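Can you make the complete structure from the sequences, with help from the hints?
Here the protein sequences line up with chains A and B, keeping their order.
Take any residue in the first sequence, note its place counting from 1, add 1, and you have its number in this note's numbering.
Take any residue in the second sequence, note its place counting from 1, add 5, and you have its number in this note's numbering.
Don't take each hint at face value.
[To be verified] One side of the interface only, derived from the structure: several residues of chain B facing chain A at Cβ under 8 Å:
no. : residue
1   : Phe-192
2   : Lys-315
3   : Ala-555
[To be verified] Label-pair ranges, simulated between beta-carbon atoms:
no. : chain 1 : residue 1 : chain 2 : residue 2 : range
4   : B       : Ala-42    : A       : Glu-232   : 47 to 53 Å
5   : B       : Val-523   : A       : Thr-66    : 45 to 51 Å
6   : B       : Pro-466   : A       : Asp-84    : 56 to 62 Å
7   : A       : Asp-127   : B       : Tyr-62    : 54 to 60 Å
8   : B       : Tyr-62    : A       : His-193   : 54 to 60 Å
Derived from the structure by calculation, the hints contain no laboratory data.
Just so we're clear, the structure is a prediction, and the values are computed from it rather than from any experiment.
Each residue gets a CB set at the ideal place from its N, CA and C atoms; glycine is no exception.
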Amino acid sequence: MIELKNITKSYARGRVKAVDDLSLKTEPGEIFGFIGPNGAGKTTTIKMITGILTPDTGSVTVGGTDMLAEPVKAKRLIGYVPDSHDVFDRLKGIEYLNFIGDVYGVPEKERRERIEKHLAMFEIADAAGELVRSYSHGMKQKLTLTGALIHKPPLWLLDEPLTGLDPKSALALKEEMRAHCREGNTVFFSTHILEVAERLCDRIGIIYKGKLAAVGTMDSLRTGEKDATLEQIFFELTE
Amino acid sequence: MNAFQEYWRVFCLHVRMQLSLSAVSAKGRKRSGKETAKMLGFGFLILYAVAAILLLYGFILLPFLRAAAEAGLQIAVMGVIVLVCMIVVMVFGALTLLSLVFGARDAEAYAALPLREQSVFAAKFSIAYGIEMGVTALFLWPAVVIYGMVSELAAMDFVILLLRALPVWLLLPMAPMALAALISMLFTRLMAYTRRRDTLLMVFGMLLFFGMLLGQGLLMGRMPTLEDPDRIMEILSDNSAMLEAVTQSFPPAMWCAQALVDENTAKAGLGFLGILGSAVAGGAVCLLLSRRLYYKGVLAQLEAPKGKTKGFKADAVKTGGALGAFFSKEMKVIIRTPVYAMNILTGVAVFPIMFLFISLSQGTGMSGGIGDIFETMLGDARGGLYFLLAAGVVMLTAVMGSTCVSTTFSREGRMLWISQTAPVPARTQVAARLLCGFMLTVIGSVLSLSMLVIFVGFTVPEAVFGLVAGLCTAFPMLSAAIVPDALKPKRKWNSEAEAIKQNMNSVLSLLLNMGMAVAIGIAAFALQLLVPVWAAVAILAVGCLAAGYALFCYAARIADGMMKTVDG
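As structure tokens, then:
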């Protein structure tokens, strides 16, 4: 679903390399966890996959479509949830969802079903008619999650989605991620909660100083100790 | 830390942020030649704009002050200038305070710190005060210099005049700003009790705007009229009586004028003491009240409004196209954000309101008021020229409303990621934003032209054809206005006011549009001398539409590039 080939992204006119010659491939139907210390390049990589940032070198392909050559086509395949949860706060929740629905061209029937389902799932249906600016941080996050699922994207891309969610909503989100994958879609998410990554992900990528330090299933990551936890592997690779 | 140290810390922090000093001095930050050239170019443009405004203002002031000097009424005229300046400072000061002091996003962060609330209030008030001192400088200093010139002062007297003007300039904004702060503080406190805060804020902003026009009307109303010759003689015989007549509604204006130019040393001294006293009293009252009202009012804005929540209804799900979605989002955000609505809607509504006020205060219809002025100016040539004037009004409405498009990407700020990840070409997004600017131009123009038809005697066909021709010229202007913001949007802001009012893209677009309006005006005038008016208009319309399309394509290309490189 995602294919990153030797992507590099520098800031401050090349002085800081946020992502350095990174290559990665994910398959349909898998949950891919992307972990790394603060400033390792997780968000920059995710922003390059979404088309927000253009890599200095290398290529990004989503569902076989080159993000640089056909960005509009590639973006149709993605449902993105940023880490900031900044939404148009002068719109009502339902107006934001209608806006996203229009942008992705979701027909009315499907749109109504999906909005109804996800608003209920994240327990924000009661606030849908209110202005987003009156929402709490967690409610804004739930709204962006609903918006990202409205067009049933083949690739669900989430940047630290569990931060700020209450336990019930976090559980609902994890179940939704699993359900989304069961339908043959891909979930790619970054997180700092290693236990969640360990339990939820089919494969994990560890990024450190802009480079992919390791990638694979939990079993394949355990090169040394047989029962090593993801936490132990993480510290081994990043210290 | 004592209260002053707290104040100083917060004040310095805000100065650094306002002037982006931290970014300038960041370690390892070196400018390339291209960046330096760009910065110098921007600086030159700003200087050019300020110089142009000062030149125009001086050009208007010169004959007034010369006539006043000849009639011995210079103190009264200076009083009028000071009074107008104070009204402007009060109205714009209230708007600045509402956004910078009472509506800033950092209020919560400050409230959590161990700082006295009056220290935070005073620091932020000082920043707003500094901004209004800039406004005061634009009004006051040219008037002082021209006054010195027309009074033919000796070199030493000129220096003394400038030295007298310095404390007046420093203290002049205090009384109107204190009034604005008190009104804003009470208003913010009041807003905490209502559910419809944004609507109330918008109404308050509009009332302030109308208040400024009404204040000027009141000022004109206090001037002696031709129907009362005895009163004129009485006032004209005494310069001070004239000053008192025009400044009786706001004594600090009289004190400022006396401190500035009164030849009677005792009166000048009293005037200076008057403004000093009113400034100290105003500041003290504000500080005292801020201890009780500032955080209460500001933090109440951050709370969710009380009332029944509106849940999801299946019939609220509606479908539409991407262009419509971006257009509708843009309109909703403008209308629902008080500071955007006040800046953008006031811009397009300024001409209709001005026409309405002038017409109502000078009689209606062709029999009197501005109708007569138009008749006298244009005489028999009315047909073609009225039509061109109507088109000119539409063009100027587009210039005034260009803020809508010239800050469109900046206003999204941190929300730009939504536009960046949307599977909608930049071309469609730019078209939707232009459509929004176009829609507001149409609304403002229709209102203005209606006023001209009702009060001035323009015919409906003149107005309609003028509207169509004017909208053709609005296309390249609005397309050009979006270019600076598509190139480099101001994405990091602490309050919505910063996104629109402290945005260089808005100033650049305004300058660009003014230049284009002048060029189109000259071309229209030259063409109608060479060919019949209809042919001149047709040539211009085709030219403008072609230029508009070319500029639109360019803006779309620039926006596409920007959305691929700006870190969302």
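To see whether the hints hold, each was checked on the structure:
no.: 1; hint: Phe-192; result: 19 Å, violated
no.: 2; hint: Lys-315; result: 3 Å, holds
no.: 3; hint: Ala-555; result: 23 Å, violated
no.: 4; hint: B/Ala-42 <-> A/Glu-232: 47 to 53 Å; result: 52 Å, holds
no.: 5; hint: B/Val-523 <-> A/Thr-66: 45 to 51 Å; result: 48 Å, holds
no.: 6; hint: B/Pro-466 <-> A/Asp-84: 56 to 62 Å; result: 58 Å, holds
no.: 7; hint: A/Asp-127 <-> B/Tyr-62: 54 to 60 Å; result: 56 Å, holds
no.: 8; hint: B/Tyr-62 <-> A/His-193: 54 to 60 Å; result: 58 Å, holds
In summary, the structure is inconsistent with hints 1 and 3 from the numbered list given earlier, while agreeing with the others.
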